[in-house]
Amino acid sequence: MRKKDLTYWFFLFPALLALAVVVVAPLVVGVYYSFTDWNGIQVKEYVGFKHYIELFHDKEFINSLWFTTKFSIVSIILINTFGLSLALIVTTKLKTNKILRTIFFMPNLIGGLILGFIWQFIFTKAFASFGSIIGSEKLQGWLSTPETGFWGLVILMSWQMSGYIMVIYVSYLEGVSKELVEAAEIDGANVFQRFWYVVFPLVAPAFTVSLFLTLSNTFKLYDQNLSLTGGGPYNSTQMVAMEIFNTAFSQYNMAYAQAKAVIFFIIVAAIALLQVYLNKKREVEM
Amino acid sequence: MCKRFRILNYFFILIMQTLANENLSQRGREKVKNKWRAGLLAMSLGITGILTGCGSNEDSSNEGTSGSKNKQVTIDVFQFKVEFKDQFEKVAKDYENEHKDVKINITTVGGGEDYGAALRSKFASGKEPSIYNIGGPQDVADWQDKLADLSDSGAAGAALEGTLDGVTLDGKVLGVPYNQEGYGFIYNKNIFKKAGIDPTTITDYASLEKAVKELDSKKKELGIQSVFALPGKETWVTGLHLSNTFLAPEFDNNVLTAYDAKKVDFKYGDAFKKILDLQNQYSVQPTVSLDYSKQVEELFSLQKVAIIQQGNWIYGSIAGIDEEFANNGIGILPIPVEGYKEDSIPVGIPMYWGVNNNAEKEVIEASKEFLDWLYTSEKGKETVINDFKFIPAYSGYDASKISDPLSKAVYEYANEGKTIGWTFMGYPTGWGQDELGVQIQKYLSKKASWDEVVNTTKKSWEDNRK
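From first to last, the protein sequence lines stand for chains A and B.
When you line the first sequence up against my numbering, it's residues 1 to 286, in that order.
When you line the second sequence up against my numbering, it's residues 287 to 752, in that order.
Simulated from the structure, these hints should not be mistaken for lab results.
Heads up, the beta-carbon is just placed ideally off N, CA and C, and yes, glycines get one too.
Some hints could be false.
To be verified - Under 10 Å between C-beta atoms, here's a sample of chain A residues computed to sit facing chain B: (1) G141; (2) W142; (3) S144; (4) S236; (5) N253.
Let the hints inform the model, and build the full structure from the sequences given.
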């Protein structure tokens, strides 16, 4: 490894500067504000851990945290299942491989806000019309109950992110050497065994990446949440990011919101680091 | 400041180059030296670019605002009313033509955007606007250090009685009103006529309920889906507007009383529940996910429902879809408060103009003059009524010129004194929408009883005002 002399730091400097200005500085300032009574305009006094104590008794915050956790678990499982399935489909010898990849990836190119509105239309209008044709009560009034709101969000996210995760799995699947699979086939392994004992361990790094991406994305979700349900009905589908935003910008409890954001940051960072650590342990080196 | 940056940069480049040279030559890698130097130079230039880039921006903005050389004054207006953005910009142009030494920049953030948040970031960025909007007592308390005293301005002098209550602090008037607005039950005249109901007979809760039931029984013949469209998703409709109708009486219709109130009693809570139930029962379902655009554009404008609870601001939306219907087919019915006034509608001031007292003296003066001109000069008055289509909140206007039927109706209610005040600006911050509105959603979903709604929101009001 190269000795870290002055030129090393010099070349690193622009990146470090950018990081410091847009990530580290706001974080430090944010943590500072969470200990004050900052109202978005000025700081009057230092309040210590008051906000942090308060937020553990804040029902709205705890509810939104719980909802986010539920949502994340379900979406992570679904997105990765769909993503891997799609990846397996488009890596087989189909003529339509290329076009299918593009189609599956496309939902990801649409912005979250717009997607939310499109799906809102589908859930409230298309579902209702379809429901009245086939005479199903279950398709009526979507997004007006907490359950349909939850599943609406899960469907939207799975639809959007599966294609993205697929691309990651595809790149790893294509890296699995054909010889290994062939050797396993000659040894008499069936399709399932070939996938489970040969391919699956080899794409483990893809799981590390995909799980991390889905985890951080679903936890921090805001725009889809805002445009699809807006947290309604009665804040039952409000996720943490939105709860924090509302505390800050509709109740103007800036410092309190900042304290929530700090706790949220710690939770997400801890879960993500733990996940990467556990996954890394499982990866196989070739 | 920028010059200093530039000089610093040259030093920086020099030092870095020498350092790099020495480093490399010590190791005797003369051949790669030139490559390194080129790379370093490019990078240094890049950084210089970033820093001087900021510098040149500052230069130009300095010329714009200081302006002592040519006595040009720039007024930066930061306002929220999207609906009249174009007309307002046109008026500003006219004003610039009349007053050559004044330049007006208008920024509009509103509609779906969060004005309060945008204003805060605008101030935080250091480019403070000279004229901006404030909503009521809470805003005044938050911004009082940055609001100039407008007591001596012509606009404040002409403002209608009572309209300045919400923005007066220690005897100083810190804002002047935009306009008046009112809301109530907006109804479809054609449907009422078809059903044979005379809207003038609806003056209390009993007659309203009777009419609603009659409309409901004739739904098929009238070609409507339901009588009402209650937008439970819009917490401002339920938590601010509807609630205000029933809470304003206990605050004497005064926003400051509400702002100072340590508790809320729901004195007319039963009347409140009755109206909410009536709207919910006869509304297009499910009400909890029904939003503004479905209520106003899809259902009411296309004449699929007979009555909606909205205000005069929806005239533009309806006219955009069906101008004929907007001009001749709509009117406002009162929202009856049983035990109080049953024939009145809430009328109030939605927003005020404030002037930033951190601005330079000339800018403050010019800003005041502009607001005075807008609301008290002949030309200004004409624009306010004809182009902005405002219901004036100032004396000295010819009200017969108000062109849209909803504004006219609101003005008539106001003239006859059949009004209830707007006090929701005096609710604790976020209480109306995030507490009451959300609790009402819970009630509409049958996940909470009315008593629970009342008790929860009472408690959070008290917690907020401790």
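Inset, instruction - Check each numbered hint from earlier against the structure, then list the numbers of those it violates in ascending order. - result: Every hint satisfied by this model.
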